[in-house]
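The primary structure of each chain is shown beneath.
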Amino acid sequence: MKVFKISQAELDNMVALWSQSRKVYRPAVGRQQQAQPDYGPGWRKAEGASPLTVPIGPAAGSVKTFLFPQPETMMTYSLKTGDPDRGLMKEPAKLTESQVVVGLRPCDARSVLLNNLPFREDPFYQANLERTVFVGFTCDESLSTCFCEQMGGSPLDSDGLDIAFSRAENGYLAEILTPKGEELMAGLNLAPAANSDITALADRRKERPGKDTAILNTMQGKDLNKLYEAPLWQPLGDSCINCGACTFICPTCYCFDIQDEVVKGSGRRIRYWDSCMFPLYSLHTTGHNPRGRKLQRTRNRFMHKLKYFPERFGPFSCVGCGRCVQDCPVNIDIREVMADLLTVE
Amino acid sequence: MISYLPYPVRIDDITVETEDGNLKSFKLVFENEQQKKAWRHVPGQFAMLSLAGQGEIPIGIASSPTEDGHLLFTVNRAGKVTTALHQMKTGERMGVRGPLGNGFPLATDMKGKNIVIIAGGFAVTTLRATLIYLLEHRADYGKITFIYGARTPGMLLYQNELKQWAARGDLDLHVTIDREAPGWDGLVGFVPTIAGQVAPSPENSVALICGPPIMIKFTMPPLEKIGWTDDQVYLSLENRMKCGEGVCCHCNVGPTLVCKDGPVFTRTQVRQLPVEY
Amino acid sequence: MPTINEKISEEIRAQAKKLLAEGTVAAVIGYASGSLPMTVKPLVVRRPEDCGKLLWNTFCVLNLANFLPEVLKSVEPPRGPRDPKPEGPLPKVAIMATGCWSRNIVVQIQEHQVERERVVVMGVGSRGMVSRRKVEALFAGREILAVEELDHDLIVRGSGFEEKINRWSVVRDNCQTCTHPDPLLVDVRIGEPVSDRKNPNPFKQVDELEAKSAAERWGWFTSEFATCIRCYACRNACPLCYCPTCFVDDAKPQWVGKSLDATDTGLFHVMRAYHCAGRCTDCGACESVCPMGINMRLLTKKLNKDVLNLYGIEAGMQPDSPLPLTTYKINDPQKFIVTEAGAGKEGE
Numbered sequence: 001m002k003v004f005k006i007s008q009a010e011l012d013n014m015v016a017l018w019s020q021s022r023k024v025y026r027p028a029v030g031r032q033q034q035a036q037p038d039y040g041p042g043w044r045k046a047e048g049a050s051p052l053t054v055p056i057g058p059a060a061g062s063v064k065t066f067l068f069p070q071p072e073t074m075m076t077y078s079l080k081t082g083d084p085d086r087g088l089m090k091e092p093a094k095l096t097e098s099q100v101v102v103g104l105r106p107c108d109a110r111s112v113l114l115n116n117l118p119f120r121e122d123p124f125y126q127a128n129l130e131r132t133v134f135v136g137f138t139c140d141e142s143l144s145t146c147f148c149e150q151m152g153g154s155p156l157d158s159d160g161l162d163i164a165f166s167r168a169e170n171g172y173l174a175e176i177l178t179p180k181g182e183e184l185m186a187g188l189n190l191a192p193a194a195n196s197d198i199t200a201l202a203d204r205r206k207e208r209p210g211k212d213t214a215i216l217n218t219m220q221g222k223d224l225n226k227l228y229e230a231p232l233w234q235p236l237g238d239s240c241i242n243c244g245a246c247t248f249i250c251p252t253c254y255c256f257d258i259q260d261e262v263v264k265g266s267g268r269r270i271r272y273w274d275s276c277m278f279p280l281y282s283l284h285t286t287g288h289n290p291r292g293r294k295l296q297r298t299r300n301r302f303m304h305k306l307k308y309f310p311e312r313f314g315p316f317s318c319v320g321c322g323r324c325v326q327d328c329p330v331n332i333d334i335r336e337v338m339a340d341l342l343t344v345e
Numbered sequence: 346m347i348s349y350l351p352y353p354v355r356i357d358d359i360t361v362e363t364e365d366g367n368l369k370s371f372k373l374v375f376e377n378e379q380q381k382k383a384w385r386h387v388p389g390q391f392a393m394l395s396l397a398g399q400g401e402i403p404i405g406i407a408s409s410p411t412e413d414g415h416l417l418f419t420v421n422r423a424g425k426v427t428t429a430l431h432q433m434k435t436g437e438r439m440g441v442r443g444p445l446g447n448g449f450p451l452a453t454d455m456k457g458k459n460i461v462i463i464a465g466g467f468a469v470t471t472l473r474a475t476l477i478y479l480l481e482h483r484a485d486y487g488k489i490t491f492i493y494g495a496r497t498p499g500m501l502l503y504q505n506e507l508k509q510w511a512a513r514g515d516l517d518l519h520v521t522i523d524r525e526a527p528g529w530d531g532l533v534g535f536v537p538t539i540a541g542q543v544a545p546s547p548e549n550s551v552a553l554i555c556g557p558p559i560m561i562k563f564t565m566p567p568l569e570k571i572g573w574t575d576d577q578v579y580l581s582l583e584n585r586m587k588c589g590e591g592v593c594c595h596c597n598v599g600p601t602l603v604c605k606d607g608p609v610f611t612r613t614q615v616r617q618l619p620v621e622y
Numbered sequence: 623m624p625t626i627n628e629k630i631s632e633e634i635r636a637q638a639k640k641l642l643a644e645g646t647v648a649a650v651i652g653y654a655s656g657s658l659p660m661t662v663k664p665l666v667v668r669r670p671e672d673c674g675k676l677l678w679n680t681f682c683v684l685n686l687a688n689f690l691p692e693v694l695k696s697v698e699p700p701r702g703p704r705d706p707k708p709e710g711p712l713p714k715v716a717i718m719a720t721g722c723w724s725r726n727i728v729v730q731i732q733e734h735q736v737e738r739e740r741v742v743v744m745g746v747g748s749r750g751m752v753s754r755r756k757v758e759a760l761f762a763g764r765e766i767l768a769v770e771e772l773d774h775d776l777i778v779r780g781s782g783f784e785e786k787i788n789r790w791s792v793v794r795d796n797c798q799t800c801t802h803p804d805p806l807l808v809d810v811r812i813g814e815p816v817s818d819r820k821n822p823n824p825f826k827q828v829d830e831l832e833a834k835s836a837a838e839r840w841g842w843f844t845s846e847f848a849t850c851i852r853c854y855a856c857r858n859a860c861p862l863c864y865c866p867t868c869f870v871d872d873a874k875p876q877w878v879g880k881s882l883d884a885t886d887t888g889l890f891h892v893m894r895a896y897h898c899a900g901r902c903t904d905c906g907a908c909e910s911v912c913p914m915g916i917n918m919r920l921l922t923k924k925l926n927k928d929v930l931n932l933y934g935i936e937a938g939m940q941p942d943s944p945l946p947l948t949t950y951k952i953n954d955p956q957k958f959i960v961t962e963a964g965a966g967k968e969g970e
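Residue numbers (our numbering), protein chains in the order written: chain A, 1 to 345; chain B, 346 to 622; chain C, 623 to 970.
Check the hints yourself; a few may be wrong.
[Stated by the list, open to error] In silico DSS-like pairs for lysine-lysine, Cα to Cα no more than 27 angstroms straight-line:
hint, chain 1, residue 1, chain 2, residue 2
1, C, Lys640, C, Lys756
2, A, Lys90, B, Lys562
3, C, Lys957, A, Lys294
4, A, Lys294, C, Lys695
5, B, Lys425, C, Lys874
6, C, Lys826, B, Lys369
7, A, Lys294, B, Lys562
8, B, Lys381, B, Lys434
9, B, Lys372, A, Lys80
What the hints contain is simulated information worked out from the structure, not anything from laboratory work.
Predicted, not measured: the structure shown is a model, and the values here were computed from it.
Please work from the sequences and hints to get the whole structure.
Written out as structure tokens, the structure reads:
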């Protein structure tokens with residue numbers, strides 16, 4: 001693995017250089033940048049020479065917007081009368097254009113890996129994964145709502161990143177972790193990091209080992225049906241308003257719905273983010289709804305993240321970014337839910 | 346890698362199955378010869394029927410893999426896509442994506458056993474596929490019992506085939522309707538009652554039950570009374586589905602995804618799940 | 623010396639406990655403390671011993687009337703959808719209510735969502751609720767770790783800082799322009815009544831928007847709603863939005879596309895606002911809960927202004943008169959009818 005020492009000015013030049021040949025995105029600050037056709041709110045194009053600073057904590061928008069765009073065209077077709085291909089579904093050309101996401105945090109990088117478990121065989125997710133380069137920044141400081149370590153991550157982790165920037169004296173250390181990262185750095189004339197800097201980073205990582213699996217192990221030892229029937233869901237069902245705020249800002253909520261849209265005889269089948277908080281999510285055509293009550297829907301989201309997903313795939317479906325903690329309109333705090341679940345016997 | 350792209354098919358034939366006109370069977374033929382050859386399914390599996398501009402719906406495959414060259418789907422008119430499908434005509438193009446789900450383990454766990462099929466209403470579709478498959482491989486199975494009930498004689502599906510099956514000597518067929526009706530000289534009574542009367546001993550047997558939840562609920566006690574256990578009983582669950590490939594999460598019942606892990610489960614498996622189906 | 627809200631909290635706990643212990647009500651809808659500074663959790667208390675969790679502070683931005691129909695339903699004896707209503711009175715529910723929330727309860731009664739005799743309103747005069755976003759904006763880039771509420775100030779603390787800010791300066795826009803802070807319905811009075819506020823122009827924000835050119839207004843609209851993620855928090859936090867199936871969710875027919883297309887998103891917000899015309903009390907819950915900070919409240923505020931000008935009605939203020947847009951009078955203003963020649967004139 002190559003490690004470079006990079007100054008702020010060099011970083012800004014790199015981002016500007018990448019922007020010449022690829023789409024490069026960076027976290028938006030506040031409401032600076034709005035949703036665009038090819039990516040969601042919370043990010044902005046990195047063009048323009050303003051120095052790249054990454055706010056403490058995760059970016060306002062989760063990184064899933066680049067891999068699992070809202071919406072995503074799955075196929076196109078014509079419904080024009082007389083068209084011999086009328087009604088024939090065609091796959092859109094596979095997206096290959098390279099894009100670079102700069103400034104994501106280790107929690108979001110980990111979300112890419114977690115979502116890759118259910119999307120392992122999904123052609124669209126895989127194509128986006130292949131064309132995206134992740135240039136992340138490890139965290140020296142966290143927000144009070146950050147809890148990545150409890151969920152099995154670490155603020156200094158580089159899993160899921162192609163290039164990891166970490167604080168060093170007068171600049172950054174850039175670890176080039178993958179061939180995609182190497183390709184992005186090719187041709188740049190950069191100074192290799194001093195051994196002392198590399199050792200300092202390694203020491204900081206040792207101080208903060210993170211990746212706590214004790215909570216996961218305890219949760220996996222719990223009986224699913226006992227968790228399901230625990231009394232803790234009642235107050236959550238009472239207060240939850242069943243909006244989709246948590247699911248849409250969550251980097252690891254990945255449910256989708258599929259719909260057809262036709263404009264003037266040209267149709268497309270799209271998939272877009274859905275939320276298990278919505279009654280329609282599980283409604284049968286007969287009118288029967290297996291999760292017809294609010295409590296059932298609220299429970300499903302937390303059970304999915306903390307019990308069902310681990311049963312299927314191993315890890316929690318939560319990276320501890322704390323976005324839902326910050327933005328839930330009724331202050332349902334997944335850390336409290338988890339703590340309550342861990343007391344269920 | 347998953348492909349969400351449906352195969353283009355043409356509607357070859359449409360049969361109105363029931364007196365209320367709400368159930369129609371669609372015989373579909375592939376446009377592409379290679380796709381036709383590549384298609385392999387087992388009874389109990391389902392497919393997504395795709396209508397451009399309308400959407401997709403998961404429907405159980407009513408044809409047996411032994412019926413070569415076409416697919417059959419019997420569809421109840423209920424929602425947006427099924428309503429549009431009911432308006433379609435022979436010769437028109439639509440799409441099929443699949444086969445999806447697990448299906449009944451006919452060629453494995455069920456081989457050599459006595460098979461009891463219990464069907465209520467239009468849930469009989471995949472059991473039609475099953476029965477035709479069993480009759481095609483008759484020597485591989487023991488006694489076959491087929492119990493099927495509908496509200497009225499006019500609500501029975503596949504009436505011509507029922508007549509053919511009744512004429513066969515190698516199958517025990519019991520067709521019943523809920524109440525007496527003019528011109529009906531067959532069995533009268535609810536499926537659970539009939540099942541209690543005609544079900545064979547559970548020894549070396551499996552039961553495949555598809556029907557409305559209330560029917561399944563009341564069919565179990567008479568079977569249990571004569572010694573049937575949960576692991577001998579196979580059910581098919583239905584939940585709202587979107588992707589059909591175990592990705593989108595819509596059909597989850599606890600950690601189980603009906604589209605991928607099911608739709609066929611033993612009753613033992615179902616009882617371990619939260620009641621979210 | 624306890625603050626005003628501390629005293630109110632104490633009273634709420636005592637009254638709620640009494641109502642539950644006496645068996646007057648089966649549940650109390652109130653607030654409990656949140657896990658982050660400036661947040662609270664809506665709480666339904668069903669046992670007298672849980673009343674200690676109830677509290678009142680300046681961050682109670684969600685309209686509790688939103689929970690009322692469902693909690694009322696939850697305390698009824700269970701019955702099937704076709705079973706008749708049981709004989710005798712059904713259990714009651716107590717609910718905390720400020721001016722605007724109580725007016726929403728009035729609207730719920732007018733629209734037959736709630737039966738008056740089953741509701742015990744624990745009325746509190748509102749001193750205006752603080753916008754968390756406004757406070758956060760003052761401390762941009764610095765994380766707020768604790769906020770202490772005094773009667774007229776907030777003490778904001780974070781890592782290495784502590785600042786005192788004036789409370790009213792960060793009160794939500796809707797509260798700052800509110801003229802009826804005291805509850806209209808009161809069964810149990812909590813704290814002191816608050817008199818109506820004189821506000822020279824409660825519709826200042828709307829006037830400013832109306833003064834812009836059509837192109838500028840369109841610019842505002844498209845940019846304001848561009849960040850919408852269609853989470854529907856605004857709709858779900860609104861006590862007026864109780865349709866079993868919302869028009870945006872309807873599949874047969876499908877009125878609105880489901881993706882983030884600007885036309886679909888805009889249509890959702892405009893239609894939602896129109897559905898609230900003559901019914902909205904400007905409680906500000908929609909704006910407060912939006913994770914993207916969208917100011918969709920201005921749409922309903924504009925319609926509140928129109929309804930006041932056209933019909934002389936403020937939602938929930940006249941419990942005995944019918945809702946303005948569900949009744950027809952021969953002399954109703956018809957200026958809104960747009961013909962090919964342009965907007966209609968009065969009397970046409």
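Outcome of the hint check:
Restraint check for Lys640(C) and Lys756(C): the C-alpha separation of about 37 angstroms exceeds 27 angstroms, so the hint is violated. Using a Cα cut-off of 27 angstroms, the hinted pair Lys90(A) and Lys562(B) is violated, with the two alpha carbons roughly 44 angstroms apart. Between Lys957(C) and Lys294(A) the CA atoms are separated by roughly 42 angstroms; this puts the pair beyond 27 angstroms, and the hint is violated. In summary, the hint linking Lys294(A) to Lys695(C) is supported, as the alpha carbons are separated by about 13 angstroms, within the 27 angstroms threshold.
With a C-alpha separation of about 6 angstroms, the suggested pairing of Lys425(B) with Lys874(C) holds against the 27 angstroms cut-off. With a C-alpha separation of about 61 angstroms, the suggested pair Lys826(C) and Lys369(B) falls outside the 27 angstroms cut-off, and the hint is violated. Restraint check for Lys294(A) and Lys562(B): the C-alpha separation of about 26 angstroms stays at or below 27 angstroms, so the hint holds. At roughly 21 angstroms between alpha-carbon atoms, Lys381(B) and Lys434(B) fall within 27 angstroms of each other, so this suggested pair holds.
For the proposed pair Lys372(B) and Lys80(A), the alpha carbon gap of about 25 angstroms is at most 27 angstroms, so the pair holds.
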